[in-house]
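Peer 1: Chain residues, written in single-letter form:
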Amino acid sequence: MDQEKTWKEIPWGGLILDAGNAQEYHTGDWRTERPVHIMENCKHCMYCWICCPDSAVIVKDKKMVGVDFDFCKGCGICMKVCPFDAIKMVVEGEEGD
Amino acid sequence: MARSMAMAGNIAAAYSTKQINPHVVAAYPITPQTTMMEKFSEYVANGEVDTELICVESEHSAMSACVGAAAAGGRVITSTAANGLALMFEIVYIAASNRLPIIMCVMNRALSAPINIHGDHSDSMGCRDSGWIQIYNENAQEVYDTMFMGVRIGEHKDVRLPVMVNLDGFITSHKIEKVDTLEDAEVRKFIGEYEPFYPLLDIENPVTYGPLDLTDYYFEHKRQQVEAMEKALPVVKKISKEYSNYTGRNYDILESYHLDDADCAIVTMSSTAGTTKFVVDKMRSEGKKVGMLKVRLFRPFPVEEIRECLSGLKSVAVLDRSASFGGFGGPLFNEIRNAMYDVDGKPSIVNYIFGLGGRDISAVQIEGVYDRLMTAQAKMPGDVHYIGVRGD
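Line by line, the protein sequences are chains A and B. First residue of the first sequence? That's 1 in the numbering used here, and the numbers climb one at a time after it. First residue of the second sequence? That's 98 in the numbering used here, and the numbers climb one at a time after it.
Please keep in mind that the hints were generated in silico from the structure rather than gathered at the bench. Note that CB positions come from ideal geometry on N, CA and C, so glycine has one too. Mixed in with the good hints there might be a few duds.
Derived Cβ-Cβ restraints for the label pairs, each shown as a range [unchecked claim]:
1. A/D68 / B/A282: 27 to 33 Å
2. A/G20 / B/G144: 39 to 45 Å
3. A/G93 / B/A210: 56 to 62 Å
4. A/H26 / B/P296: 28 to 34 Å
5. A/V90 / B/D255: 29 to 35 Å
6. A/E4 / B/D255: 47 to 53 Å
7. A/H26 / B/N342: 52 to 58 Å
8. B/E327 / A/V36: 54 to 60 Å
Sequences are here, hints too, so could you generate the full structure?
Peer 2: Laid out in structure tokens, this is it:
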């Protein structure tokens with residue numbers, strides 16, 4: 001995010017005029033826990049993709065292939081809803097995937 | 098053809114609202130505002146306006162509905178008084194901060210407790226830092242005319258701020274006076290079609306109102322509001338002049354009355370200015386050099402213009418119809434003496450608090466203030482005085 005703009009350069013009242021600019025705001029900065037995808041358990045049912053509030057589940061060729069960590073806030077909803085134990089949460093910096 | 102009509106201040110406010118024909122009116126009844134909304138509801142029921150009238154469950158909801166309707170892109174009007182304005186307080190700031198040109202009539206009334214339904218300025222003075230333009234009106238004619246000017250001022254592209262049209266509760270809201278009116282077509286011509294900025298209903302250009310704004314940008318948005326208020330001052334002047342030319346009724350941000358060769362003057366607002374003019378006329382006929390300055394525009398406060406009007410006087414009494422508990426005098430006094438501080442040869446300036454809870458102020462009492470100003474020669478002893486309270 002550009003933090004350098006003066007009061008003369010920004011829309012009044014804090015209005016956001018460009019739709020979809022949440023893409024420029026990397027909410028992944030907030031994360032303390034990280035989802036880890038366990039590929040061998042995954043049936044690619046897309047339930048995590050439907051439930052993710054930040055659209056951070058990456059899908060390629062109809063397969064769940066990973067998580068966009070620029071936007072994943074680490075809320076753990078994907079882990080909670082997964083019927084196949086294909087996602088686990090780990091504390092950031094404590095365990096690799 | 099324009100007609101003269103007999104109207105109370107509230108009816109003048111309702112009739113001008115009808116002529117503006119706003120998209121949305123959301124209001125909740127409160128004395129002494131009620132008769133305005135009663136009359137306006139009648140226009141709605143009779144199909145005389147196209148307005149969507151929203152009858153809400155509180156003033157907090159009234160202003161919230163106004164904010165939503167204005168953000169959607171509508172021309173919006175509401176009205177309240179005293180405790181109703183106090184209940185709105187949170188959303189009053191939001192209306193200004195979102196730069197929504199809502200018009201609100203405030204029939205100025207004392208705040209509780211103890212409960213009192215009569216006129217003083219404690220309600221709107223509590224909102225003086227809310228970011229609303231505030232215009233204080235002497236009589237029903239001024240209320241009627243200021244509604245149309247208010248629409249143009251608030252909607253001006255350099256301003257985009259809400260406008261509070263103040264009138265004294267009961268004194269002006271319920272007193273029947275002669276009001277010269279405009280034809281509907283003349284009103285429409287003056288106010289023009291509303292051009293909303295960033296309306297929510299423009300689905301081709303989606304916008305977000307009211308996002309989170311923390312340490313990184315909030316200050317910048319407040320700085321913009323300061324700028325909007327500064328830009329509002331010349332706009333109020335320009336539109337007042339335009340309206341004066343349009344109707345032949347003279348309006349400005351201030352009204353000076355026999356100030357040019359005056360030695361001493363009273364500065365006041367709203368209906369008390371009318372009483373003060375009567376006293377000035379009487380004292381002038383006795384050869385006394387007294388004058389009056391009526392402040393119509395309180396926000397933005399016209400510092401330079403005040404300096405021009407009051408320089409050269411020997412002494413000035415500022416009459417405040419509200420108290421600022423623990424402050425150094427009333428709000429109008431604060432502004433006036435602050436504005437005059439750096440003026441060479443400035444007059445001595447004292448404060449009188451009067452009329453709280455609708456206590457009458459008489460011509461005799463106002464004449465007493467002038468007498469004291471004239472006999473004191475230099476500075477009057479004391480800074481803050483009271484008129485009409487038992488025990489002083």
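Peer 1: Now tell me, hint by hint, if it's right for this structure.
Peer 2: Here's how the hints hold up against the structure:
1. A/D68 / B/A282: 27 to 33 Å: Cβ of A/D68 to Cβ of B/A282: about 59 Å, so the range 27 to 33 Å is violated.
2. A/G20 / B/G144: 39 to 45 Å: At roughly 43 Å between Cβ atoms, B/G144 and A/G20 fall inside 39 to 45 Å, so the hint holds.
3. A/G93 / B/A210: 56 to 62 Å: About 58 Å separates the Cβ atoms of A/G93 and B/A210, which means 56 to 62 Å holds.
4. A/H26 / B/P296: 28 to 34 Å: Roughly 30 Å apart at Cβ, these two residues keep to the hinted range, so it holds.
5. A/V90 / B/D255: 29 to 35 Å: About 55 Å separates the Cβ atoms of A/V90 and B/D255, which means 29 to 35 Å is violated.
6. A/E4 / B/D255: 47 to 53 Å: Between A/E4 and B/D255, where Cβ atoms are some 25 Å apart, the hint is violated.
7. A/H26 / B/N342: 52 to 58 Å: holds (56 Å)
8. B/E327 / A/V36: 54 to 60 Å: Once the Cβ atoms are compared, 56 Å apart, the range 54 to 60 Å for A/V36 and B/E327 holds.
Checked against the numbered hints given earlier, the structure breaks hints 1, 5 and 6 and satisfies all the rest.
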